[in-house]
Amino acid sequence: MRRIGIALLALTAMSALLASWLAPNPPDRRFPDLLYAPPTPIHVFDDHGAAPHAHAWRLVSRIERRFEEDATQRGPLLVLGADAYGRDSFSRLLHGARATLALALSATLAATLFGAIIGGIAGYAGGWADAVLSRVSEFVLVLPAVYVALALRAVMPLVLPAADVFALLLAIFALLGWPIVARGVRAIVASEREREYAIAARAAGASATRVLMRHLVPAAGGYLRTQATLLLPAFILAEATLSYVGLGFPDTTPTWGTMLQEASNVALLGDAPWSLSPAAAIFLVVLGVNLVVQGTGRAPVQLEP
Amino acid sequence: MVRFFLRRLVFALLLLVCTSSAALFLTRLAPGDVTAQLGPNASRSEIESTRARFDLDRSPLSQWILWAGRAVRLDFGDSFLYNRPVAPLVIRAAGNTAVLALAALAIATLVGISFGIVTGSRQGSHTATLVGGASLVGVSLPPLLTSLIFVFFAARTGWLPPGGMSSAGTSDVSWAAWAIDVAWHLPLPSLALAVPIAAIFERLQSQSMSDAVQQPFMVAAIARGVPRRALILRHAWPVSLRPLCAVYGLVIGALLSGSFVVEYVTSWPGVGQLMYSALRARDIYLVAACAAMGACFLAIGTLAGDLLLAAADPRVRDQHA
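Listed in order, the protein sequences are those of chains A and B.
Counting along the first sequence from 1, when you hit position 24 you're at 24 in the working numbering, and nothing is skipped either side.
One rule links them: number in the working numbering = place in the second sequence (from 1) + 1000.
No wet-lab data here; the hints were simulated from the structure.
Bear in mind the structure is a predicted one, so any value in this text is a computation, not a measurement.
Some clues are possibly wrong.
Just the calculated beta-carbon pair ranges, DEER-fashion [what the hints assert, rightly or not]: (1) B:SER1174 to A:ARG29: 52 to 58 Å; (2) B:PRO1238 to A:ALA267: 16 to 22 Å; (3) A:LEU35 to B:ARG1156: 41 to 47 Å; (4) B:VAL1002 to A:GLY126: 39 to 45 Å; (5) A:ALA163 to B:GLY1039: 19 to 25 Å; (6) A:LEU141 to B:ASP1057: 34 to 40 Å; (7) B:GLY1095 to A:GLU68: 50 to 56 Å; (8) B:GLY1039 to A:ALA267: 26 to 32 Å.
All C-beta atoms in this analysis are idealised placements derived from N, C-alpha and C, irrespective of residue type, glycine included.
Given only the sequences and the hints, what does the whole structure look like? Please build it.
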């Protein structure tokens, strides 16, 4: 089970890394006669032997979105059809994995880092610092994450360049993610600091920072890994949700969330199941993470975000 | 017990004040204000009078003081988008969200717990493996994905309406016909919301059930010749309920977060939708009222969770007594 999960995650990571080579078409290229075109069937044999290729779609009716295969011509390969602007969905899916996964990974790193530091300080210092930090993290934890992310994003200018959106969402996700990590790290550090090795380190004259960073936070390593694997899918989903409702990346940037906007048109969705392909990609990543986590023992249950 | 409730009440009030005030300040400090909704051709005096009507010509602090002063007298201000007081708007939307969330919670509880009892008490059987696999898939299907998939199937098959809460033109029919119409629209969004929660319930119930059947009192009960059905349902199940009740209070957050997505995808007119449109339009008092309503839901949810936990576990009851 665990191997399947790792394979799924590795596959996603590879396709994101190798997107430029794997994608049959440039993600921004528009084919003006192929708006909403269905996937092209792949033909293996031609007159000269085996050579996988796709025939061109000939537009029969623009308004009914009907296409016919034109066997005389080769056309662009559209594994998952084309979107409303005639862009290749499969290529956009591969390139979209980059933005989505890069954001989710860096947000996970940031949240884990802040959570470890803040939780470590709270657990080590105790007293009023612990009380204040714990109350703050409890307050953030109790709020429904999606609403907070929505509110924080919505009060920023609605139209922003992609790089600014990346930084903004990273900040918002890190802000929402750290309390989850900090709470556990605090508990671990608070109990570990009374252990002999920590006392020995202090007796040997190690500074508080050194005891905390070299001895106590590493003790929470296993916990941090588990939390990081659980935060990753949550952030992937958060990006998808925000972009889907139009508060994430601008829709010229391919991400899984912006691609899902295609699926928001119910009338089109019924005829174009392939517009759900970003949803399938998200599902596979989340499933991969769950398989990996479950393989290590009992699945920790995460309800939010 | 009374002290415990008082503490809860104080916390709930604090949460209410904090979230709605934070929402008010956030919206106020955000770039742009509600006058953008007037369009580019609005006259200067029109913009000025709108700003004055929503206290936008005052400083944020004095606006907050005015708003808070009216709010304690249960006047939560007007909405610009709907041009009427926000209280009835938000209460109506909250009712819709509550219907959706309660239906989803009922489905998740029924399905999750009954399957969890089966899989937990029959570890290693084919049924357990199958259900375990299904709930692993369910855990990996957040409401955004389930609602899109269900809308796709509804659009494809036409078995259920793919969105909305009632059909067009049902506003003047009888109350019963309207209720049937709403009931027809309810399964899709509530199922979409229920799938991941049902899967989590199933996993939790399965784990705690398989722990419970290994307890010594079970051996004693088997030795006394208690039939298997009663063994599981009367002896093991009540013991296994504790971790589940502990999660019930947390589920409310997941339900609220999930219901925003489901409401958006399936056009269910709940608090999430209202808050979204209010945020985008910078409809300041509507945002604050929606945040307050969300805090109310949270407070009610955590209270219900605590009560359940106290009912399931005598130790918790004694602790707060």
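Looking back at the hints listed earlier, which ones does the structure fail to meet? Of the numbered hints given earlier, those the structure breaks are 2, 3, 4, 5, listed in rising order.
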